[in-house]
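Number of protein chains: 2
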Amino acid sequence: MRLLPKDKKALLKAALGQIPADLAIVNAKVFNVFTGEILPAIVYVYDGFIAHVEYDDVDHVEDAKQIYDAQGQYLVPGLIDAHVHIESSMLTPVNFAKVVLPKGTTTVITDPHEIGNVFGARGIRYMHDCGMDVHMRQLIDVPSCVPSVPGLENAGADLDYSIIEELAQLPNVIGLAEVMDYLAVINGDERMMKILEVFEKNGLYIQGHAPFLSGRNLSAYLCGGPRTCHETRDTQEAINKYRAGMHIDMRDSSICRNVKEIFAGLKDFRYFDTLSICTDDRESDDLMSVGGINDVVRAAIKNGMDPRDAIKSATINTAREIHLENLGAIAPGYVADMITLPSLEDMKPSAVFTNGELVAQDDKLIVEIANKEFAIEQENSVNFKELTLEDFKIKAEGESCMVNVMAYDGKELSTTHLSVEELKVKDGYIDISDDPDLKYILVINRHGLDNKALRIVRDFGTTCGAVASTISHDAHNLTVVFDKLEDALIVVNQLKAVGGGMAASKDGKLLHCLPLPIGGLLSQKTAEELNDDVVKMKTALCSVGLDYMVNPLMRIVTAALPVVPDVKMSDLGLVDVNKKVIIPTFAE
Amino acid sequence: MRLLPKDKKALLKAALGQIPADLAIVNAKVFNVFTGEILPAIVYVYDGFIAHVEYDDVDHVEDAKQIYDAQGQYLVPGLIDAHVHIESSMLTPVNFAKVVLPKGTTTVITDPHEIGNVFGARGIRYMHDCGMDVHMRQLIDVPSCVPSVPGLENAGADLDYSIIEELAQLPNVIGLAEVMDYLAVINGDERMMKILEVFEKNGLYIQGHAPFLSGRNLSAYLCGGPRTCHETRDTQEAINKYRAGMHIDMRDSSICRNVKEIFAGLKDFRYFDTLSICTDDRESDDLMSVGGINDVVRAAIKNGMDPRDAIKSATINTAREIHLENLGAIAPGYVADMITLPSLEDMKPSAVFTNGELVAQDDKLIVEIANKEFAIEQENSVNFKELTLEDFKIKAEGESCMVNVMAYDGKELSTTHLSVEELKVKDGYIDISDDPDLKYILVINRHGLDNKALRIVRDFGTTCGAVASTISHDAHNLTVVFDKLEDALIVVNQLKAVGGGMAASKDGKLLHCLPLPIGGLLSQKTAEELNDDVVKMKTALCSVGLDYMVNPLMRIVTAALPVVPDVKMSDLGLVDVNKKVIIPTFAE
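Top to bottom, those sequences are chains A and B.
Position 318 of the first sequence, counting from 1, maps to 318 under the working numbering, and the rest follow consecutively.
Position 8 of the second sequence, counting from 1, maps to 8 under the working numbering, and the rest follow consecutively.
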């Protein structure tokens, strides 16, 4: 695929020097991703494309409407994030653009998977349309796995083959997003084969997602269609995948920092053509402070990668990965996305150009990105019937009962095991009041179905109060963990009222609510505005016992993610992740 | 684009080891184009695709229908020729496959430009269909420039935009062939813009052809659409193009050997991602003796390129250049084209596999490639009205006249200049009998038009007799150079009778005729059979004075190529190549 100019004949004239360029960037040290050289050059831009790069006569500037003096700094292609869920920032696509652009991210490959689980195709169209004309390229991969675990949870949508095929026609769609259901791929599942075929036959990009896959399973996955992965964590895993021809997207998200381990495996290889860089999930405060893909490039350099190779991995390698021919380089015919850098190692852009326009300078956005209004933003996506106190209790008989408990493997770990425990029964209900490490976990379907599941969890981490969230991967139901019923009722009712978000309560009082009214996932605030709210939310979570976590927000949002072993909750009950069955409340 | 297996579910099962592989190649040192490693491995193949590569457990061979012992040799991907005109071998696509396969060429990107100039779309379909099922991949680029120089010559066809668009749908078509008319590109010529748009919008490959282009002209060409070039000759030219992001196909044809000069320019660059290798034009005897793309790889290594980089340039780099995702590597999901090599430097394959089938061993083809019959092969493409002796003479008045003569710049050079000369007139005709360096040159339209042009040439190189050819780039009219009329008549009549080819005569006798009955360009003989004929033809050409040439065949075939400056013949007269006008016979 190629990004085409509005008027090619005019671009040709500008290339020939027959009409003035829109912009000439002078006094720049250009990083050439083809040769690996860093050379003085003048870059001429017309209509958003690079018309000419002059390496020979760098003292004579030809006619241009605007001249930008790079003051001897480096000029490198705009950075491309190989895989990101914008929803993880809790920002709208517009506000996301505002925060990542000053850090040098000019293109992102996004997977609107989260909002897809809430609103289905409507949600994906919203992210697509909202991400247009935002002075950066937000390219869309259509989510492949909505719901993530069919039959074991109810999401807000079921994206079948025909809807996916329709979404693939949208102008900013470039491929299929992280194919997480590796079993469906390697076992040749009919639905998955049909989805993959749409993208294969149209020459579109198919993004993989294959944590820990190796050996023949990895080979089968690669034969099946997906040929890339951003879920590599381990050094040997990186070596195996890279050897197998899998394009590795090295990830440093807000919580998973994999660059170090991955590069340790690849550093002695001769070629880095099939290596890219991504953020996957970064929160808005991270994006504001350390940055986005520039921060991952910086990490790669710190871990021993040559700065040129690291920048190449974040530019042309990724453009090639997604089959875009003229993005990611400073050369004639390429899109004029570029950044200036005082230092390659620091990766702090002093100027950012997208489509040949100066959009940010010295960490400040200098263009207006218009807010757009969409009807979907006004919808309350938190739909369930009024709850009563009865919904927060588990009926039981006798004096005690054997219960299947979801037990965390450790306070910092997201993995769990099944723990069969004998629990007291009081007044006809399970009573956990004696054991401070036990809590209730309730998952309420918020997508209009009248179902919910209540179980017991050990070592969740809270010591008191209640924590609730409508960000609850991947089905994004309303999940609440609590010991006292009245605390639970407070946060549940609060989230229903504001249309979703996160909330914590203690001693019968709301500690804080972070409203995320768009799909229960996104705020309409800018990163700066939202940050204050997020800090307060974290403080509230710390005060109910999650102060030991690097990011206390993360605990509740993954408690109902039935792809992380061994057992996780869903709105249908406790899921045996490995066997793919629902485990009953009571053990035999 | 991706090459898809017939039955993906079966391939997945083979990858998982649930059903036996068709083939296991054991005891091999596999060259991994992703990592640059050379490692012991077992390669499992199913249904023409690589199902699994086992690097860990290389001592245990799993179930496979056939086991091939590579005896510790190197196993590298099958070689890809980035650009070739099969017609230059004078072989049919079937016989071409027979000769290049044992040398390790498993894929060629062909431009059926020559036969396109004779038969138009029918000729291209012939090459396409004849090149199917030949145990190798003959991928087609649709010729972009038929005729090469519109208005200054008459070819047998005029491939307009709509025909090109139609041909682009053929299954083995992958792109647009060498866009030679760089002026049409950079000046935004309407017809050219339309053609380029077809391929750009469909994400197809656009092959460039830009000899000596540099500076802003090169930038404009790249902005226009073509992004590759196999016409680089000079070291500085290579540096300029590579820096500008042009994918360079290093060529060593039978006559143009550019690898040395190109690699001298690129050798210190950090990246060779955008470097490929091609043969362009190789005669059958060359293909038989030294080989095809393997010989170019060998030349690259001899000129200092690391063998791994050279092989990568002849495999995955080229697959990426033409947008084929799963060709050119030994990895799961890739097409099972591979060769074994006792030595990387020697590049003499001991075994060649295409689509997982062993097709050649120790320089011998071991599979049957069926000859197919096509009606077009029986057509006589040499169509013009019977000539008389009068057609071989130039009428003139007075005792002498001033004549515009096409004068070669040297006996070994193909460039020319215009020489205005005073020539004798005898009996009402120009008389050149006094000057042994002057000859007549006659170009007869053989595509059914009743026109021809007769002029005078200086320093063509022959000393006596007549030389004629229906290979006469690019319009492939019948071109004959002679001094005695009766010799000319012999070769012209002979070529008309046999349906084209080359012929030489002397002293009223036919010395030799090399019949090329298919389109006046190709023989139906195999390379071995044809070789004898070619040797005799060369001997005949030497005996009329072309013995000083490295390849005496080349002189006549480029005498009517009106893209090589300054002046060249066509069926319309003497062409001023730079001014693009016809020069009259007589000077003022």
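None of these hints come from the bench; they were simulated from the model.
The structure displayed is predicted, hence computed values, not measured ones.
There's no promise every hint is true.
Each pair may be met inside one copy or between any two copies, as identical chains are not told apart.
To be verified - In silico lysine-lysine, DSS-like type, Cα no more than 30 Å apart, as pairs:
1. 201 with 13
2. 506 with 29
3. 580 with 536
4. 484 with 348
5. 201 with 364
6. 9 with 194
7. 484 with 411
8. 267 with 29
9. 13 with 65
10. 8 with 201
11. 302 with 267
12. 8 with 194
13. 385 with 9
14. 536 with 267
15. 201 with 6
16. 9 with 580
17. 579 with 9
18. 411 with 426
19. 580 with 13
message: Of the numbered hints stated earlier in the document, which are not met by this structure?
response: 2, 3, 4, 5, 13, 14
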